[in-house]
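Here's the letter readout for the chains.
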Amino acid sequence: MSNTYYKPEDLKKFGNVGEFQKDLADKFFDYYNAVFEDSALSAKEKSLIALAVAHAVQCPYCIDAYTEASLEKGFSEEQMMEAVHVASAIRGGASLVHGVQMMNKVDKLTM
Amino acid sequence: MKSLIAQSHSLSDPQTQIDIINNQSDKIKRLDKFENKLKDIGLFPLKPTGIEIFQINVGYMCNMTCKHCHVDAGPDRKEIMTKETLQYCLDALKNSDIQTVDLTGGAPEMNPHFRWFVDEVSQLGKEIIVRSNLTILDTRKFEDLPQFMADHGVEITCSLPFYSKRRTDAQRGEGTYDKSMKVLKILNDIGYGKEETGLKLNLVYNPVGAFLPPSQDSLRKDYKERLWNDHGIVFNDLFTITNLPISRYLNFLVMSGNLEEYMEKLITSFNPSAAMGVMCRNTISVGWDGSLYDCDFNQMLEMKTNHGAPGHIKNWDLEKLNNREIIVNQHCYGCTAGAGSSCGGAVT
Numbered sequence: 001m002s003n004t005y006y007k008p009e010d011l012k013k014f015g016n017v018g019e020f021q022k023d024l025a026d027k028f029f030d031y032y033n034a035v036f037e038d039s040a041l042s043a044k045e046k047s048l049i050a051l052a053v054a055h056a057v058q059c060p061y062c063i064d065a066y067t068e069a070s071l072e073k074g075f076s077e078e079q080m081m082e083a084v085h086v087a088s089a090i091r092g093g094a095s096l097v098h099g100v101q102m103m104n105k106v107d108k109l110t111m
Numbered sequence: 112m113k114s115l116i117a118q119s120h121s122l123s124d125p126q127t128q129i130d131i132i133n134n135q136s137d138k139i140k141r142l143d144k145f146e147n148k149l150k151d152i153g154l155f156p157l158k159p160t161g162i163e164i165f166q167i168n169v170g171y172m173c174n175m176t177c178k179h180c181h182v183d184a185g186p187d188r189k190e191i192m193t194k195e196t197l198q199y200c201l202d203a204l205k206n207s208d209i210q211t212v213d214l215t216g217g218a219p220e221m222n223p224h225f226r227w228f229v230d231e232v233s234q235l236g237k238e239i240i241v242r243s244n245l246t247i248l249d250t251r252k253f254e255d256l257p258q259f260m261a262d263h264g265v266e267i268t269c270s271l272p273f274y275s276k277r278r279t280d281a282q283r284g285e286g287t288y289d290k291s292m293k294v295l296k297i298l299n300d301i302g303y304g305k306e307e308t309g310l311k312l313n314l315v316y317n318p319v320g321a322f323l324p325p326s327q328d329s330l331r332k333d334y335k336e337r338l339w340n341d342h343g344i345v346f347n348d349l350f351t352i353t354n355l356p357i358s359r360y361l362n363f364l365v366m367s368g369n370l371e372e373y374m375e376k377l378i379t380s381f382n383p384s385a386a387m388g389v390m391c392r393n394t395i396s397v398g399w400d401g402s403l404y405d406c407d408f409n410q411m412l413e414m415k416t417n418h419g420a421p422g423h424i425k426n427w428d429l430e431k432l433n434n435r436e437i438i439v440n441q442h443c444y445g446c447t448a449g450a451g452s453s454c455g456g457a458v459t
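For the protein sequence lines, the chains are A and B, in the order given. Each step along the first sequence adds one to the number in our numbering, with nothing skipped, and position 42 is 42. In our numbering, each residue carries its 1-based index in the second sequence increased by 111.
Simulated from the structure, these hints should not be mistaken for laboratory data. A portion of the hints provided could be inaccurate.
Quick list of the computed label-pair ranges, beta carbon to beta carbon [what the hints assert, rightly or not]:
no.	chain 1	residue 1	chain 2	residue 2	range
1	A	Phe14	B	Met387	53 to 59 Å
2	B	Pro125	A	Asp23	23 to 29 Å
3	B	Lys144	A	Glu82	29 to 35 Å
4	A	Phe29	B	Ser367	29 to 35 Å
5	B	Glu430	A	Val17	55 to 61 Å
6	B	Asn340	A	Asp38	20 to 26 Å
7	A	Phe28	B	Lys144	30 to 36 Å
8	B	Pro125	A	Phe28	43 to 49 Å
9	B	Thr193	A	Ala40	41 to 47 Å
On a predicted model such as this, the values are computed, not experimentally measured, just so you know. C-beta: ideal position from N, C-alpha, C; glycine also.
Just chain A, with the same shape it has in the complex (with noise of 0.2 Å):
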């Protein structure tokens, strides 16, 4: 399929989305510069924690973004992979806990 929703390149110019609004876009970029920086959390254990959430929420661009970042960090391939366990863990989670919704309703429901 030569047509894709998702394209590298496309990554690159995450930058023009101030082009229809660049007050926001601005505030964004800003925050998102400040979130990344060295703080509280260092900024390669940042690199990881985005690693693990791009895999959550299945970002292609973020995907390829943090696993480049988390190369450059000097992180190994185990940590990284590590890390997607543990965003695989908490989505296979928050799906699992919910069967104790589902068992409390049973208990409602049935005799």
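Assemble chain B onto chain A, guided by the hints.
Chain B alone, transformed into the frame defined by chain A:
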């Protein structure tokens, strides 16, 4: 694996390499020229700050054939510096106050005059750095070299592209990591890497792929922790080196479809402070045949010293070399990206 030159590969030709990093696609053609970047910050022509490091490539022969090697070194390379040329180097060193002699290759240990030369340089009172691939020291012919180097106070700077087996072996060949750990332990046993002995053992990280190195300080901490916890190994320093887009690494970039992105990344990461501190400003590189270059990378691209500076070690003239203009091209972006890169690691 054979060297590119033994394969008669088109990328063994320096001119082809230069053409690719300048003109391979319309996008690459449009990228800012390195020379213009230097002009923008008032650093062109690039001039030396004074030669402090005398780096000698004593030959392209190596027991390994690493995928990223900018020298295209390997067992099939026969270019080896002769004793006569090494003598010219000694003559130049005797008449200068250059303090550091940096021996590289190939595997510099494989030069048949290696021991004689180290002994001679040592008697001049110079600091000697040997860039070792580690695995050569795990062979019978060279197993006594660690003690020889310790006896001569040689600083050993060795390749270890990552603290994990997976990534190290992916770049340098299956089994490299285990051999490297074995040799590092031997070096530790004779005192290398231990503060109290003064025998310096430094490791070199370079990215196993198309990305830039991590922060040197942060990675040094990771290496120290992992090598100590996993193997009980200690070392002094870690240097992060960026891969320059030439030779076998260029071949990897082309074959993996990463060339455009990598060149763009190097250029968008251009750091003027790193440009101020590039190693060619305080280094001279001597090729296996005695030719002079601004750095080991220019040597591989056969870009000799120019603009009135002597082109061969037998015509050594420190004053002229200190006043030369350094030859630059698009590969130079590799030394100015991010924290910068040199044979001694990050420059900022």
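Status of the given 55 to 61 Å range, CB of valine 17(A) versus CB of glutamate 430(B) | 57 Å, holds
Do the beta carbons of lysine 144(B) and glutamate 82(A) sit within 29 to 35 Å of each other?
-> 43 Å, violated
Outcome of range test on Cβ distance (proline 125(B), aspartate 23(A); 23 to 29 Å) = 51 Å, violated
Return holds or violated for the Cβ distance of proline 125(B) and phenylalanine 28(A) against the range 43 to 49 Å.
-> Holds, at about 46 Å.
Confirm or reject the claim that phenylalanine 29(A) and serine 367(B) have a C-beta distance inside 29 to 35 Å.
-> At 31 Å between Cβs, range holds.
Can you let me know if the beta-carbon spacing of phenylalanine 14(A) and methionine 387(B) is within 53 to 59 Å?
-> 31 Å, violated
Phenylalanine 28(A) paired with lysine 144(B), Cβ distance criterion 30 to 36 Å | 34 Å, holds
Evaluate the given range 41 to 47 Å for the C-beta pair formed by threonine 193(B) and alanine 40(A).
-> For alanine 40(A) against threonine 193(B), whose Cβ atoms are near 60 Å apart, the range 41 to 47 Å is violated.
Given the hint of 20 to 26 Å, check if asparagine 340(B) and aspartate 38(A) actually sit that far apart at their C-beta atoms.
-> 25 Å, holds
Consistency note: the structure conflicts with the earlier hints numbered 1, 2, 3, 9.
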